[in-house]
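Protein chains in written order, with the numbering used here: chain A, 448 to 725; chain B, 448 to 725.
Source of the hints: derived by calculation from the structure; they are not laboratory data.
Note that the coordinates shown come from a computational prediction; the quantities given were computed from them, not determined experimentally.
We put the beta carbon where it would ideally sit given N, CA and C, even for glycine.
Please note that the accuracy of each hint is not assured.
Computed cross-link-like contacts, DSS-like style, restricted to lysine-lysine with a CA-CA straight-line distance of at most 25 Å [to be verified]: (1) A:K722 with A:K559; (2) A:K450 with B:K559; (3) A:K559 with B:K644; (4) B:K559 with A:K644; (5) A:K499 with A:K488; (6) A:K722 with B:K644.
Covered stretches of chain B (in silico footprint by chain A; criterion: 3 or more residues with CB under 8 Å from a CB of chain A, positions within the stretch not fixed) [unchecked claim]: (7) 550-560; (8) 590-600; (9) 632-645; (10) 650-661; (11) 676-682.
Number of protein chains: 2
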Amino acid sequence: MNKPGPLSLNTITVREQWSLQQCIEGCARHGITGISPWRDKLAEYGVQNAAKHIREVGLTVTGLCRGGMFPAADAAGRQRAIEDNQRAIDDAAALGAQCLVLVVGGLPPSSKDLAGAHAQVQDGIAAILPYARAAGVPLAIEPLHPMFAADRACVNTLGHALDICDTLGDGAADRSLGVALDVYHVWWDPHLSAQIKRAGRRILAFHICDWLVPTTDLLLDRGMMGDGVIDIPGIRAQVEAQGYDGFCEVEIMSANNWWRRDADDVLRTCIERHKTVV
Amino acid sequence: MNKPGPLSLNTITVREQWSLQQCIEGCARHGITGISPWRDKLAEYGVQNAAKHIREVGLTVTGLCRGGMFPAADAAGRQRAIEDNQRAIDDAAALGAQCLVLVVGGLPPSSKDLAGAHAQVQDGIAAILPYARAAGVPLAIEPLHPMFAADRACVNTLGHALDICDTLGDGAADRSLGVALDVYHVWWDPHLSAQIKRAGRRILAFHICDWLVPTTDLLLDRGMMGDGVIDIPGIRAQVEAQGYDGFCEVEIMSANNWWRRDADDVLRTCIERHKTVV
Numbered sequence: 448m449n450k451p452g453p454l455s456l457n458t459i460t461v462r463e464q465w466s467l468q469q470c471i472e473g474c475a476r477h478g479i480t481g482i483s484p485w486r487d488k489l490a491e492y493g494v495q496n497a498a499k500h501i502r503e504v505g506l507t508v509t510g511l512c513r514g515g516m517f518p519a520a521d522a523a524g525r526q527r528a529i530e531d532n533q534r535a536i537d538d539a540a541a542l543g544a545q546c547l548v549l550v551v552g553g554l555p556p557s558s559k560d561l562a563g564a565h566a567q568v569q570d571g572i573a574a575i576l577p578y579a580r581a582a583g584v585p586l587a588i589e590p591l592h593p594m595f596a597a598d599r600a601c602v603n604t605l606g607h608a609l610d611i612c613d614t615l616g617d618g619a620a621d622r623s624l625g626v627a628l629d630v631y632h633v634w635w636d637p638h639l640s641a642q643i644k645r646a647g648r649r650i651l652a653f654h655i656c657d658w659l660v661p662t663t664d665l666l667l668d669r670g671m672m673g674d675g676v677i678d679i680p681g682i683r684a685q686v687e688a689q690g691y692d693g694f695c696e697v698e699i700m701s702a703n704n705w706w707r708r709d710a711d712d713v714l715r716t717c718i719e720r721h722k723t724v725v
Numbered sequence: 448m449n450k451p452g453p454l455s456l457n458t459i460t461v462r463e464q465w466s467l468q469q470c471i472e473g474c475a476r477h478g479i480t481g482i483s484p485w486r487d488k489l490a491e492y493g494v495q496n497a498a499k500h501i502r503e504v505g506l507t508v509t510g511l512c513r514g515g516m517f518p519a520a521d522a523a524g525r526q527r528a529i530e531d532n533q534r535a536i537d538d539a540a541a542l543g544a545q546c547l548v549l550v551v552g553g554l555p556p557s558s559k560d561l562a563g564a565h566a567q568v569q570d571g572i573a574a575i576l577p578y579a580r581a582a583g584v585p586l587a588i589e590p591l592h593p594m595f596a597a598d599r600a601c602v603n604t605l606g607h608a609l610d611i612c613d614t615l616g617d618g619a620a621d622r623s624l625g626v627a628l629d630v631y632h633v634w635w636d637p638h639l640s641a642q643i644k645r646a647g648r649r650i651l652a653f654h655i656c657d658w659l660v661p662t663t664d665l666l667l668d669r670g671m672m673g674d675g676v677i678d679i680p681g682i683r684a685q686v687e688a689q690g691y692d693g694f695c696e697v698e699i700m701s702a703n704n705w706w707r708r709d710a711d712d713v714l715r716t717c718i719e720r721h722k723t724v725v
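With the hints as constraints, model all of the structure from the sequences given.
Following this line, the structure appears as structure tokens:
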């Protein structure tokens, strides 16, 4: 088994403990060479401050979280979403991010029209793609676990994300539109292996954490790598077989465990698990 | 839109309030003509007592919950599972159940081998199918929502369930092995319409409830029909277009809401929602 790609810290992993500035300092202190910030913390620090700090420290920005959230109740809402995505693209460009992660959004308020939401997502991505290409920011559609279909993302399989890439992109070699693959969201899929092969070079980001048994909260009970049931090395090997040579970005939302611990301890654990179980 | 098929009460909907005997009496009192018991309550009442009572009241048994749970850590565990499924088939036959619902099981203890679990499920169904056919009990594979892949069922899409039917059954007209379609588990699937068409007459049971936003518990926060985001009439129409003319079985596990209410009120609500939003 090859060694995994370098570790990147998705800052939500220590959201409750650290500001973005502290995350950047923490990565530098622990020798973590990649970072993936969220926009709320980025806004708090200021994009230019963050970009300067990240450059000084020499971190690779493996992604910006997040764009997306396209479906809306009316045309004005959809337009606001597009404009917000353009601002996210600007921020990603300012940071030199390897991609903007798209969490595409779920059903509009009081809608039960899933097919309509799918169409709104595709239309939204189509609307921002030229802007993203002009800015040099690849868009990474992140299929979310099906338990988020209603309220966060109605694209729930790698296959569906790639259908959108096939429809809107310029073929399998076009990395301006691709996918962010998070083991948490896709590990259960019986078609995962086939779809990773189909994705090929369009895997723009590889996210890691683990699925706990039991899982006590749909959103905020993700596990540290090694503490759950996901065959992370097995998925990583398939992703790398397609030519992925980027970072392993750890993204853990854990209200009752990792968010309550000392952030330096969390980073130390991420580093140790990255070496041993990823 | 056609009127929905008659209502059946999956007894877990009032699990905390009523015994199986009370469920049978409750269905008779409220004019509900179908019932689907769980095996724990069936064992408590006694299979022969239950069968006699159900016959006297004239209920259709739309399913027995449940067989399955095939994957195990060793051969002895897998053999125990097969024998337990044979007892479930005996019980289903004694009740004249329209099917035995199979919740196939997740990963064996401390396993991360999802493909291995898939194989164990298929082998387990293959092992019990002759016994089920001899007993005249159709087996209905129930794909469960992907959030249950680890601990309850590693068959999480209608497509995967039908792959197993295609492999082990005698073609699309063979109703000795089919599927139980619960809107809760499959509503998010972008391939749902195509797979319902593929299922054809192999849809042996149609289960209803709703997906709440937010959902506060993975297992025990299902919603009453109409309280969530699932387009139940839309899915029902597709199922009926394949020739399904059976019951609509309401199955709600709701620790903090419906399990805390008066069971007669719960049944009245089911009846009203069945008329208005199914």
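Fill in: Hints not upheld, ascending by number
Going through the list in order, the structure violates hints 1, 6 and respects the others.
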